[in-house]
Structures are given as structure tokens and as C-alpha cells.
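Each residue of the sequence shown is one higher than the one before, counting from 278 in my numbering.
Be aware that one or more of the hints could be misleading.
[To be verified] 27 Å max Cα-Cα, derived DSSO-like pairs, lysine-lysine:
id : residue 1 : residue 2
1  : 524       : 465
2  : 421       : 328
3  : 623       : 635
4  : 635       : 465
5  : 465       : 389
Think of the hints as simulated: they come from the structure by calculation, not from any bench.
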Amino acid sequence: MNGRKNLGSPCRAFLVCCLIAAFAAANAEIIGSPEEGWSIDLPEGYILAEKSGSDRYRFTHTIFSSDLLIARYDAAQFSSAEEALIHVQKQFTGTQDRAAFFWRNREAALGKIESSQLSGWSLALELPENRGWLAFASVSPPDKFEYSEILILSTLDAVCTDEGSWFASGPITTFAWPQEGPLAGQFKTAEYTVEAPFDTTDIPASQAVVDREFSLLTAYLDSPLVYDAWKRYYRMIWKDSWERMEKAAFVAATVLPDNAYEKAAVLLEWTQSFRYERNLEQSDFASLPAAFIENRGDCDSRALLTALLLNQMGIDAVVMISPEFSHALVGVDCEGEGARFESGGKKYLVGDTTAKVKMGLIAREMADPTKWFAVHFPAFPQATPSQ
């Protein structure tokens with residue numbers, strides 16, 4: 278099983294449905310074990326169906342016909358991630374392809390499950406600091422697998438085994454899109470032009486994540502979970518894009534003002550110069566590497582790009598979404614005059630990345646803050662009511 282060609286189309290103290298990250302919104306389904314140091318930003322709609330002991334769990338999904346099985350094994354039980362995966366796959370009959378790889382500088386193994394009763398994917402990961410092995414099997418009936426695969430892959434790609442995992446591509450994307458070589462981008466301001474380094478796979482890999490997550494999001498359109506699913510959609514893109522954009526953000530910061538407001542203002546003016554682009558057949562969203570390198574994208578691509586770059590420069594920024602206005606803004610925690618939207622106890626100065634206006638200016642007909650919701654990201658956690 279070799280990389281992207283094989284992906285086709287698109288816990289001793291386990292705390293179930295625990296908000297282990299401070300940024301998690303009230304309804305976000307983030308599960309994991311703080312003691313073992315791992316977590317998953319689950320797609321909305323999973324419920325705990327069964328547990329066995331303190332380290333075996335089965336979740337079922339309320340929209341998709343799919344189950345997620347999770348197990349943690351002691352480090353001494355297996356000599357490799359592939360051995361752990363083989364153990365998991367033996368629980369299922371039928372054809373089971375597998376491949377070993379490295380993720381987060383540790384062992385990992387990915388396998389396919391295909392039988393007359395179930396189809397799906399299995400994953401085994403080495404936990405840091407000799408904490409053992411984490412194994413997953415995400416399956417559905419064969420006749421439902423084509424529809425459920427986006428949920429399965431998104432779920433497994435959202436696994437985090439250390440704090441840094443929240444700022445990196447997931448194991449599925451890492452396996453499918455290994456780095457291939459350098460690609461040069463540019464960051465231009467009125468005064469400076471600097472080269473920004475990327476990898477040649479950054480655009481297609483990131484776009485694959487965007488398209489997968491958008492396909493998953495459409496399944497929630499008639500569900501009360503749609504707003505939480507929408508927030509996760511942006512979190513998953515942000516997470517995958519962090520390392521891809523990190524060097525570019527560092528280079529861009531060298532020619533930007535030190536002041537947070539001025540930094541945001543220059544980035545805003547830069548994104549306002551982008552070519553407006555929409556894809557009516559898929560997501561409107563251009564991947565963040567593509568938006569940066571090719572200077573193109575719709576409002577939410579630009580807003581998330583600006584928020585991510587500001588986050589990487591140490592500035593709290595969020596994305597503001599309005600379903601009613603079909604629009605997105607960036608919100609920045611900085612000084613400055615103009616319109617502000619409140620979220621998580623902070624009042625964020627808004628920036629419209631498509632209209633050529635200054636920070637803090639927004640069309641009067643869009644100024645009602647009740648028509649917007651904020652998407653927060655792990656770099657600057659949203660305060661919870663208890664904080």
C-alpha cells in the first residue's frame with residue numbers, strides 16, 4: 278500500500294467526551310486521555326455505545342452508519358505499530374492491506390479492512406514517552422462505506438498524540454502526501470517582496486483536506502449539529518495548514534510592523550488584493566498554501582489565512598462567520614478603532630478581507646453581531662465559563 282494511491286477518493290484514564298482543550302466550544306466533541314497525552318477532535322454526532330474496562334471503547338455515529346473502536350495497549354505488548362495494527366486487524370475477517378510509516382517522528386501503521394460484513398480503515402500509533410500504542414478501527418457496512426469513508430478518514434486524521442499534533446497534518450494526510458521537494462512562494466507588501474518556502478505537495482495535500490472536510494460538512498446541513506460541524510471544518514483546515522504555513526509566516530513577519538494592529542492592517546490589505554474566486558462544484562475554499570502562493574480565494578479562505586498568519590505571529594485572531602450574510606471576516610485582538618464582535622470574553626476588531634476598507638470597517642447591513650459566530654483555534658484557546 279503506497280501513499281495517496283491507496284487512499285482512493287477522498288488509556289487507563291480515558292475521559293469520554295471530555296473538554297480537554299481550553300479552546301473547545303461547549304458542544305465540541307473532543308475526547309481523549311490527558312494522562313496519556315492524546316485526544317481526537319471528533320466529527321459531531323458520535324456517541325459512546327460500549328466500553329470494556331478502562332481502555333476499550335466503541336462509538337457509533339448518529340448520521341453515518343459507522344462505528345469507531347479505540348484501544349490503548351501497553352508499550353511491552355507490541356514491538357512495532359505494524360504489529361499492533363495486525364493485532365487489531367485479526368479481530369476482523371477478510372482482506373486487510375497495511376503499510377507502516379512515521380508520523381510525529383514515531384511509528385505508525387495504516388490498514389484497510391474489507392470483508393463481507395464490514396469495510397473501513399484501521400490505524401495504530403506509537404504514543405510518546407513509552408506510553409504504549411493507540412489503535413483505531415473505523416468501519417461501516419460495505420454498502421455504506423463509500424458514503425461513510427469521508428467520516429472515517431476525517432476521524433482518524435483528527436487524532437493527536439502530543440500537544441504539537443494540534444499544529445500539524447494528521448496521520449492520514451501525512452501518509453497520503455509525503456513531502457516531495459521545495460516550492461517557492463512570495464509575500465509582497467507595498468515596500469518589500471520576500472520569498473516564502475513551501476513544499477510541492479502543500480497545495481494539493483491541503484486542498485484534499487479542504488475537499489474532504491467540506492464533503493463531510495454537507496452531511497450536517499439539515500442537522501442541529503451543523504454549527505459545531507462548521508467550526509470543526511475550519512479547525513481541521515487550520516490544523517493541517519499550520520506547519521505548511523509556518524516558514525512563510527516567519528518570513529512575512531520579518532517585513533511587517535511590530536505593532537499588532539499595523540501587522541493585521543498590512544495583512545488585511547494584502548488579502549484584499551487577492552483574485553476573488555469561487556468553485557461552484559466543490560467548496561469555495563482555496564487551500565491556505567494556494568491562497569498565499571497564488572493570491573486567490575473567497576472570503577473565508579482569506580479570513581482563515583489572515584487569522585492563521587496572525588496566530589503564528591503571536592496574535593490572537595479568530596474567523597467570524599455569518600450564515601445569513603454568506604460572509605466571513607477576520608477578528609483580531611488588538612487596539613484600534615472600529616467595529617468589534619465579542620466572543621469568549623474578548624472584543625475582536627473586525628477586518629473584511631474582500632472589501633477594500635480599513636480594519637474595523639464593515640458594511641452597515643452586516644454590523645449586527647448576533648448574525649455572526651466565531652471560530653477559535655488552539656493557538657489562542659477560547660476561555661470557558663469556568664476560566
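To see whether the hints hold, each was checked on the structure:
Straight-line distance between C-alpha atoms of residue 524 and residue 465 comes to about 15 Å, which keeps the hinted pair within the 27 Å bound. Under the criterion of a C-alpha separation no larger than 27 Å, the hint pairing residue 421 with residue 328 is consistent with the structure, at around 24 Å. Proximity of residue 623 to residue 635 is assessed by CA-CA distance (about 20 Å); at most 27 Å being required, the pair is judged to hold. Between residue 635 and residue 465 the CA atoms are separated by roughly 18 Å; this keeps the pair inside 27 Å, and the hint holds.
The suggested pairing of residue 465 with residue 389 is violated, with an alpha-carbon distance near 45 Å, which exceeds 27 Å.
Checked against the numbered hints listed earlier, the structure breaks hint 5 alone; every other hint is satisfied.
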